[in-house]
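J.: Sequence:
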Amino acid sequence: MKGLIMDYPLTLTQFFERARKIFHRKTMATRVPGVGLWRYTYADYADRVCRLSAALAKLGLAKGDRVGTFAWNSHRHMEVYFAAPLMGMVLHTVNIRLSPQDITYIINHAEDRVLVVDASLWHLLEPIRKDLTSVRHFIVMKDSPDAQIPPGALDYEALVADAKPVESWPKLDETDAAGMCYTSGTTGHPKGVVYTHRGVYLHCFASSTVDVLGICERDVILHIVPMFHANAWCVPFAGVMNGSTQIFGGPNPQPRDIVEIVHNERVTLVGAVPTVWIAIQAILEKEPQWDISSIRCIPIGGSAAPRTLIELFDKEYGAYMLHAWGMTEMSPLGTVCRPRSYADSLPDDERYTIRAKQGAMVAGVDMRIVDDGGTVQPWDGKCVGEIQVRGPWITSGYYNNPAGAAQFTEDGWFRTGDVASID
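Here my numbering runs 7 ahead of the position in the sequence shown, where the first position is 1.
Since the hints were made in silico from the structure, they are not lab data.
Certain hints may be false.
Simulated restraints, written as ranges between beta carbons of each label pair [what the hints assert, rightly or not]:
| id | residue 1 | residue 2 | range |
| --- | --- | --- | --- |
| 1 | Thr216 | Glu272 | 20 to 26 Å |
| 2 | Asn115 | Glu164 | 23 to 29 Å |
| 3 | Gly41 | Asp298 | 21 to 27 Å |
| 4 | Glu292 | Val217 | 30 to 36 Å |
| 5 | Gly10 | Ile285 | 49 to 55 Å |
| 6 | Arg46 | Glu174 | 22 to 28 Å |
| 7 | Val426 | Ala289 | 31 to 37 Å |
The calculated SDA-like cross-link candidates involving lysine to any residue, where the alpha carbons are at most 20 Å apart (straight line), are [said to hold, decoys possible]:
| id | residue 1 | residue 2 |
| --- | --- | --- |
| 8 | Lys149 | Trp129 |
| 9 | Lys149 | Pro40 |
| 10 | Lys322 | Pro354 |
| 11 | Lys293 | His270 |
| 12 | Lys33 | Thr48 |
| 13 | Lys137 | Leu105 |
| 14 | Lys364 | Met374 |
| 15 | Lys389 | Arg375 |
| 16 | Lys65 | His144 |
| 17 | Lys137 | Thr111 |
| 18 | Lys70 | His144 |
| 19 | Lys293 | Gln261 |
| 20 | Lys33 | Gly43 |
| 21 | Lys149 | Arg46 |
| 22 | Lys65 | Trp176 |
| 23 | Lys65 | Val142 |
| 24 | Lys389 | Val426 |
| 25 | Lys65 | Ala168 |
| 26 | Lys33 | Arg273 |
| 27 | Lys364 | Pro346 |
Glycine residues also receive a C-beta, built at the ideal position from the N, C-alpha and C atoms.
Please work from the sequences and hints to get the whole structure.
T.: Written out as structure tokens, the structure reads:
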């Protein structure tokens, strides 16, 4: 017997249209160096997304075509985040910190038809421009008051202003590609991961649950994690789903920029790697006038935060550091460290020992550890093995890379390459 529930596609179109209807008064902002925060409403955002979608279609892009971005975190970058996938195109965020050789390989391998570039980063692309054989149009975003449009490139603002907004969206399947990110492995070429609408949709629901990131409408989210790094941990999409106030860090944000924005805007959620928070703590220690007590959650990724740092931010600033583990292939969330309620009665020393771990798997992710001989190991806190995962937002393969099949088991698990014990 099968259930009688509608087969409703889980696509980003639903997120966007809901936000446009009920969160139109909420705001987004971008830090503009030397100027401050530039703001607009979700209603403005939605209008520009619809215009950009139309402009991309007018350039000849069709369903399945890749739209690359080479940009810092900004409201314009966020416009591309939805404008491309809502038309059935595929958002491809390119890591600006890779070598020219890797950038060239990634863009050509993904076959990006359009590349949307921050003006401040054009100098990184100009030397390899002729080598980007798949790119038909370069669209440049003026990310500073004195920015110029290079010869032969298109002006992002002119395209948006001249376009008539899309009035209806194409019908999409939830298994259609929504985005692409490339891993930056230590050997060989980077490998492409292709995210589906369904995967992003479900990942957003998982990350919004209370025991994960708890993202909600009342949040003020500051995006410091690069939007080219696993879609900024998918938090911008979850922010739209929930109607959160969203602030984008702009070009090359420094620890002091983060402190000032948190203080002035009463930011509630901001993620970054531990080294950033060590630098922020040094600023706060010397300049106690800054108030970061509004922060309720600091997701930590990239590397483990020292236990002493977790404890310090907890006790001195009331800011909860939350270890999260994952990778590009996992969209990226796999585990978060929220101690169970029965840990509340433990002494501080034991509780902070728990919080220094990588946590438990998020609902939707299945996990096991396997030794070198292929034997699944028990969760006893002693046995060690490779972490293998599976789930609705975990990749099932690499784009145009048959050799990547070696990272998947015959029974459908992804081999992460990370080693751990589970207690």
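J.: State the violated hints by number, sorted upward, taking the hints as numbered earlier in the document.
T.: none
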